[in-house]
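Model the full structure from these sequences, guided by the hints.
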Amino acid sequence: MEKRVTFGKWTIGILFAVPQLLLIFTFFYWPAGQAVYWSLTLQQPWGGGNIWVGLDNFRSILSNADYWNSINASLVFAGVSTGLAMFIALVLAALTDRQLAGSRLYRVVLIWPYGIAAPALALAFRFILAPEAGFMAVVNQIWPGFWDPGLDGADAMASIIVAFSWKYVGYNFIFFLAAFQAIPRSLIEAAAMDGSGVIRRFWDIQFPLITPTIFFLLVINITESFQDSFGIVDIMTSGGPANATNLMVYKIYSDGFKGLDYSGAAAQSIILMLLIVVLTIFQFRFIERRVHYR
Amino acid sequence: MVERTPVLNFFTHLILFIGFVFCIAPFVVVAIAASHNLKDVNDVPMSLLPGSDFWVNIKTAWTTADLGPKLLNSFIMATGVAAGKVIISALTAFSIVYFRYPGRTFIFWLIFITLMLPLEVRIVPTYAVVANVLEPYQTILDLTGLSWLIEKVSGVHVALNLGMLNSYPGLILPLIATATGTFLYRQFFLTVPDELTEAARMDGAGALRFFIDILLPLSRNNMAALGTIMFLWAWNQYLWPLLITTDQSHATAVTELKQLIPNVGGAPEWHIAMAGTLIIMLPPLLVVVLMQRWFVRGLIATEK
Numbered sequence: 001m002e003k004r005v006t007f008g009k010w011t012i013g014i015l016f017a018v019p020q021l022l023l024i025f026t027f028f029y030w031p032a033g034q035a036v037y038w039s040l041t042l043q044q045p046w047g048g049g050n051i052w053v054g055l056d057n058f059r060s061i062l063s064n065a066d067y068w069n070s071i072n073a074s075l076v077f078a079g080v081s082t083g084l085a086m087f088i089a090l091v092l093a094a095l096t097d098r099q100l101a102g103s104r105l106y107r108v109v110l111i112w113p114y115g116i117a118a119p120a121l122a123l124a125f126r127f128i129l130a131p132e133a134g135f136m137a138v139v140n141q142i143w144p145g146f147w148d149p150g151l152d153g154a155d156a157m158a159s160i161i162v163a164f165s166w167k168y169v170g171y172n173f174i175f176f177l178a179a180f181q182a183i184p185r186s187l188i189e190a191a192a193m194d195g196s197g198v199i200r201r202f203w204d205i206q207f208p209l210i211t212p213t214i215f216f217l218l219v220i221n222i223t224e225s226f227q228d229s230f231g232i233v234d235i236m237t238s239g240g241p242a243n244a245t246n247l248m249v250y251k252i253y254s255d256g257f258k259g260l261d262y263s264g265a266a267a268q269s270i271i272l273m274l275l276i277v278v279l280t281i282f283q284f285r286f287i288e289r290r291v292h293y294r
Numbered sequence: 001m002v003e004r005t006p007v008l009n010f011f012t013h014l015i016l017f018i019g020f021v022f023c024i025a026p027f028v029v030v031a032i033a034a035s036h037n038l039k040d041v042n043d044v045p046m047s048l049l050p051g052s053d054f055w056v057n058i059k060t061a062w063t064t065a066d067l068g069p070k071l072l073n074s075f076i077m078a079t080g081v082a083a084g085k086v087i088i089s090a091l092t093a094f095s096i097v098y099f100r101y102p103g104r105t106f107i108f109w110l111i112f113i114t115l116m117l118p119l120e121v122r123i124v125p126t127y128a129v130v131a132n133v134l135e136p137y138q139t140i141l142d143l144t145g146l147s148w149l150i151e152k153v154s155g156v157h158v159a160l161n162l163g164m165l166n167s168y169p170g171l172i173l174p175l176i177a178t179a180t181g182t183f184l185y186r187q188f189f190l191t192v193p194d195e196l197t198e199a200a201r202m203d204g205a206g207a208l209r210f211f212i213d214i215l216l217p218l219s220r221n222n223m224a225a226l227g228t229i230m231f232l233w234a235w236n237q238y239l240w241p242l243l244i245t246t247d248q249s250h251a252t253a254v255t256e257l258k259q260l261i262p263n264v265g266g267a268p269e270w271h272i273a274m275a276g277t278l279i280i281m282l283p284p285l286l287v288v289v290l291m292q293r294w295f296v297r298g299l300i301a302t303e304k
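These protein sequence lines map, in sequence, to chains A and B.
Residue 10 in this note's numbering is what sits at position 10 of the first sequence, and the numbering runs on without skipping anything.
Residue 197 in this note's numbering is what sits at position 197 of the second sequence, and the numbering runs on without skipping anything.
The hints are simulated quantities; they were obtained by calculation from the structure and are not laboratory data.
Virtual Cβ for every residue (Gly too), placed ideally from N, Cα, C.
Worth double-checking, as some hints may not be accurate.
[As the list claims (entries may be wrong)] Residues from chain A shown here face chain B by an in silico Cβ test under 10 Å; the list is partial:
1. P31
2. R98
3. Y262
Structure, rendered in structure tokens:
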């Protein structure tokens with residue numbers, strides 16, 4: 001869409017964009033380019049600049065079992081937590097949209113979790129799910145050794161998934177509810193007049209109409225599970241035990257800032273960037289076109 | 001709505017209530033745990049009746065993690081990011097929507113692409129840039145031979161250096177360098193009727209006057225929504241402040257959470273940890289509760 005009426009002096013127009021352009025050049029494009037440069041070079045241990053190594057950094061990362069383990073953990077984390085958070089939010093939003101008594105209360109309260117910082121809720125869940133205090137301790141008293149995120153990788157993964165899903169149920173709920181409320185009431189009333197029940201109306205009218213939202217949230221949840229998980233992992237498990245929760249962003253951080261392997265971290269960043277760009281393009285190109293019922 | 005469905009209604013209430021309990025439970029548990037003493041908080045099962053040590057624990061957590069200045073830092077950072085976003089995005093959107101100049105589409109895409117790559121994935125090089133913000137420009141001068149030229153002509157050796165580690169601009173600026181708000185404004189500006197612009201021009205208003213006196217007052221709702229969402233987003237940032245504030249005096253409240261995790265060897269002071277968590281999660285929760293309308297609106301509008 002374009003404006004019909006515009007202002008003539010375009011030199012002034014460019015000036016308005018300059019602050020933003022300076023910012024994104026300095027803090028976005030330059031670092032992104034730098035990441036590409038570092039990923040293709042190797043820093044000399046005794047200083048004296050970087051030497052060109054081509055794709056060696058990528059090769060050494062892709063042949064590293066730890067890295068594949070990290071990708072694997074990230075995918076499990078992304079898949080399970082996205083599925084969980086979206087399914088629960090969809091059910092809650094659909095039920096809230098029925099507007100029975102009390103639905104206004106749910107509309108207010110169910111979005112609270114999204115306001116909380118990931119590390120803060122991670123610390124809360126670390127206590128709630130701690131094996132020796134809190135609530136899982138009760139379970140451990142009945143079956144000793146049943147739950148210990150500090151020792152068992154699967155338990156640790158379950159903990160971070162619970163914490164992340166809890167926050168993103170709130171997020172997805174907001175979008176699902178907005179999508180449900182955007183459906184004209186007359187459509188649903190007409191279907192009701194024709195004799196279709198609540199569940200039939202959900203599957204035949206509401207669900208198809210919110211598919212764009214579902215796909216949109218699918219992409220957002222997956223990308224957020226790559227980024228927003230950092231605080232949760234750092235507070236709850238620090239990537240352990242035995243790298244079971246060493247997700248991709250956490251590994252970039254620990255390789256780059258604790259291991260001081262800039263080249264390796266940069267190569268990992270590039271791979272993660274490509275992954276996210278592919279997801280985003282996928283969303284814009286295919287999903288937005290195919291799923292459209294209006 | 002239109003028919004009687006007692007069974008379904010019962011299950012609707014039941015499921016929503018369970019959802020409500022799960023949503024609220026962590027808040028309640030944190031608050032209750034924060035009111036116990038060391039022995040009670042480690043009881044299995046922990047008593048769900050509040051203890052009597054609430055204020056003592058809050059005070060201890062406050063002093064252990066030095067939360068006063070940290071909360072102030074968080075507040076400065078979040079306000080800075082929100083204000084910067086609201087202003088800079090408005091300027092950029094105005095430029096893209098209301099002017100025709102060569103390379104406008106290019107600039108549009110240049111900004112659009114920044115939406116794709118979050119700070120978290122380019123964290124290492126961004127850190128290097130913030131260590132010396134002028135490094136990109138120095139490199140450009142070096143590569144183009146300009147710094148050599150300047151040194152020849154004036155005898156001044158060009159060494160641009162401006163470190164922003166452990167400073168508020170270093171915390172704030174990289175978080176502003178994305179496109180989130182720009183598109184929110186763009187969508188809105190496109191819905192502003194052209195007649196308004198024509199009328200303003202007829203009355204002799206230039207671009208700047210039109211922007212300040214007509215466009216900005218009209219975008220008040222957008223500003224509130226964007227400001228709310230950005231404030232929350234910035235407050236909840238963790239990785240970035242953690243990296244660039246090596247010096248305690250610029251650390252933010254959220255990064256302080258790590259100090260509160262009970263040590264493996266020491267006493268499991270969960271009551272203190274939970275008191276600290278409560279303090280740190282309260283400000284964003286208050287913003288969500290009090291600014292709910294803007295929060296929901298901003299969230300939905302910025303993401304689409």
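Against the structure, the hints:
{"no.": "1", "hint": "P31", "verdict": "holds (4 Å)"}
{"no.": "2", "hint": "R98", "verdict": "holds (6 Å)"}
{"no.": "3", "hint": "Y262", "verdict": "holds (6 Å)"}
Comparing the model with each earlier hint shows no violations; every hint is respected.
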